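Peer 1: Kindly produce the complete structure, drawing on both the sequences and the hints.
2 protein chains.
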Amino acid sequence: MKATIVNIGDELLIGQVVNTNAARMSQMLTAAGIEVVQTVVCGDNAEDIEACVARGLQAGNVVLMTGGLGPTKDDITKHTLCRLFGSELYENEAALDNVRSIFAKRGYELTDINRKQAWVPRCCTTIVNTVGTAPCMWFDSGKFASYDMDGKVLVSMPGVPFEMEHLMQTEVVPRLRAYFKMDAIVTKNILVQGIGESFLSDLIESWETSLPRNIRLAYLPVAGMVKLRLTAQGTDEVKLRKQVADAVERLYPIAKQYIVGEDAETLAELVAARFKDSGRMLAVAESCTGGSIVAGLTALAGASQYVKGGVVAYSNEVKMAVLGVKKETLEAHGAVSEDTVREMVEGVRQRLGADYAVATTGIAGPGGGTPDKPVGTVWVGLATPTMTFAKCMHYSGPRQQIINRTCNEAYAWLLREAKF
Amino acid sequence: MKATIVNIGDELLIGQVVNTNAARMSQMLTAAGIEVVQTVVCGDNAEDIEACVARGLQAGNVVLMTGGLGPTKDDITKHTLCRLFGSELYENEAALDNVRSIFAKRGYELTDINRKQAWVPRCCTTIVNTVGTAPCMWFDSGKFASYDMDGKVLVSMPGVPFEMEHLMQTEVVPRLRAYFKMDAIVTKNILVQGIGESFLSDLIESWETSLPRNIRLAYLPVAGMVKLRLTAQGTDEVKLRKQVADAVERLYPIAKQYIVGEDAETLAELVAARFKDSGRMLAVAESCTGGSIVAGLTALAGASQYVKGGVVAYSNEVKMAVLGVKKETLEAHGAVSEDTVREMVEGVRQRLGADYAVATTGIAGPGGGTPDKPVGTVWVGLATPTMTFAKCMHYSGPRQQIINRTCNEAYAWLLREAKF
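Protein chains in written order, with this note's numbering: chain A, 1 to 420; chain B, 1 to 420.
No lab work stands behind these hints, which were simulated from the structure alone. Take these hints with a grain of salt, some might be off.
As the list claims (entries may be wrong) - Here are some of the chain B residues that sit facing chain A, going by a computed Cβ distance under 10 Å:
#, residue
1, 199
2, 203
3, 283
4, 292
5, 312
Computed from a predicted structure; not experimentally measured. C-beta atoms are modelled at their ideal positions from N, C-alpha and C, and glycine is treated no differently.
Peer 2: This is how it looks when you write it as structure tokens:
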């Protein structure tokens, strides 16, 4: 199983849009046990699309395409596929019903141009896209003039990210796994924080070596957090689940102090899962992170269940007036100090009426550093119903990285201490 | 001038990292008048790298590669280039001096492995990378055994985004433009907000049609903001500047009310440019945007010059206790209402001691909507030293898009009203 991803669109070639589809599709395919050997971006240009398809079918057995399915004349993917496979377009009834129902729901009139969304090559299997108007087209073995598609699959999907994601998850990946009669796959994410990738690798080396051959381990580091992803492959899914659970159980005694959670992509997701439905409320006081900690939490649906609020205390006046930090504390120790972060975190917890609180104050750079407190010096504070804790971190790198690492540090502290 | 971008790295193929390099490089090349015909991601695999290079050199005259330059054995780009061009590695003195000075600055000892960063193919021009240890390698005409590089250029750069960006900006793009004796290019961004792309296109149609042939116009829409990019190409740079200035001057009478700024990539950058050095301070009160407005501003260096602070008032208690919103207001009109947003924005301006303030309260979804106030209903408020203003917006789309559009709305209001 070797897959090529072809993302079509002039907007990608001029850099107007970052190609997040390629990364998301690669993640989903890798997780499903399908190796991605290449991803290509090409313009809305028949010749280039043809060349990419030909190369993809030569390089492996799966080609997944996105984009170029709109009804305007720029979008030529369907016509190109017809030419490639010696086929012609026809109006697919199921696809048309879907277009009709989507237009009815939005209260728009169905024009001839929109109807064209339901036209697909005769030789493909049409997969209705319930979240959008452009259908998904599946081409497989033995149907084509110019290509030997024996044991090969080509799929064309819309380029709208959430439509692609929905189709991949509900249709394309399950169909690929069935078509190629693939082994079962069980994956597991373990989120680790507070230890660098290379130290972690040393720490768990013997555990890693002892993993069964059918379990692969990947290290996925992001801003001070490392996602360990276990992928087990085999015929018996029940047995795989047992294998993975055993492996995880053996990991805990070795790395317990660094493990902050399982089965999530980000630490913010874990914080949300912990606090939602707990009845506990959270408050945040941010100086150097400037709102990123609370914005990361409120970006996830349902945050109002546990986020009481936050204060971005960028200036000393706000630290004093809104959070109750004492003037003497700021004068004696400075804004970036243990005393200040303690008063910030206790102040925000009390004044916002929360159960738990985190606070940050530091120097994110590039300016503002001193020999005593260089760029990257960050105090993080945590307040719980029973105690307050603070620690000084020393980060390096550009501003955004210092901010992101501090956010992950704060999330990890919450996950370690707020247990209920 | 047809360029292919080849981004090398297994981490890209498994979707661990989103390939932002491709988009950034495409933007820079497009802006410089160089057409990108394809971008490819391939793994750390000699055969695939060779194939991508060969195709890129066939498809056009420029191949720009990133990645695979680390000193570990996974990284094989340099060896592959040697094989491709019948060359061998040697230790480049200037590159070694650079590695030495970077290690000295960081206080690390220089090991043999790190020294290898300074090894480059004999047949290339070595461009020292002052912001990292891996040098940039430039290959051009008439130097190679297996490839006819006449009129062609291949460049290999490190994959670390800020190193790539620095090298592209200061070295690669200027050298490409000189090597191919390219026309001068003058670009200009006009940031427009408060009008959809298609309405804008109708509004400025006759202006667009009247543009000189050597000026291209691109519409780049992001979260309710449209970046209009003018690119003028020709031999005489002074004349081009005049042409672009004339075109912009003629645009203002037509679209003045929607134009919020020039010469920036984002509205947050424009807000920063306006407020920095102005002596005016800004405060933010956020409910539905949950900290994103202030986080967008504090992500930019120097924010402490004008960001006094922010309050994320996610709960009614915080709206009352910290911002001074009246209980009766919340009871009579609800949290998502004109009265509430007015009290929020006036409260945050006064209590944080700022000159200007913006506030948001709304329903970002997916839950929480009612028939009266469906998901996407957002009140935005602005307070200046002389007045308070509020307006209800109606957005659609997923949660993150509603948040992003609200942020841009708030930034645009500041740009329209805070003039000094």
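Peer 1: With a cut-off of 10 Å, does the beta carbon of residue 292/B approach a beta carbon of chain A closely enough for the hint to hold?
Peer 2: 5 Å, holds
Peer 1: Is the interface hint for residue 312/B satisfied, with its Cβ closer than 10 Å to some Cβ of chain A?
Peer 2: The hint holds - residue 312/B has a Cβ within 10 Å of chain A, the shortest such distance being about 4 Å.
Peer 1: Does residue 199/B pass the interface check with chain A, least Cβ-Cβ distance below 10 Å?
Peer 2: 17 Å, violated
Peer 1: Can the hint on residue 283/B be confirmed by a CB-to-CB distance to chain A that is less than 10 Å?
Peer 2: At about 8 Å, which falls below the 10 Å cut-off, the nearest Cβ of chain A leaves the hint on residue 283/B intact, so it holds.
Peer 1: With a cut-off of 10 Å, does the beta carbon of residue 203/B approach a beta carbon of chain A closely enough for the hint to hold?
Peer 2: Residue 203/B check fails; min Cβ-Cβ to chain A is 20 Å, beyond 10 Å.
Going down the numbered hints, you'll see the structure goes against 1, 2, while the others check out.
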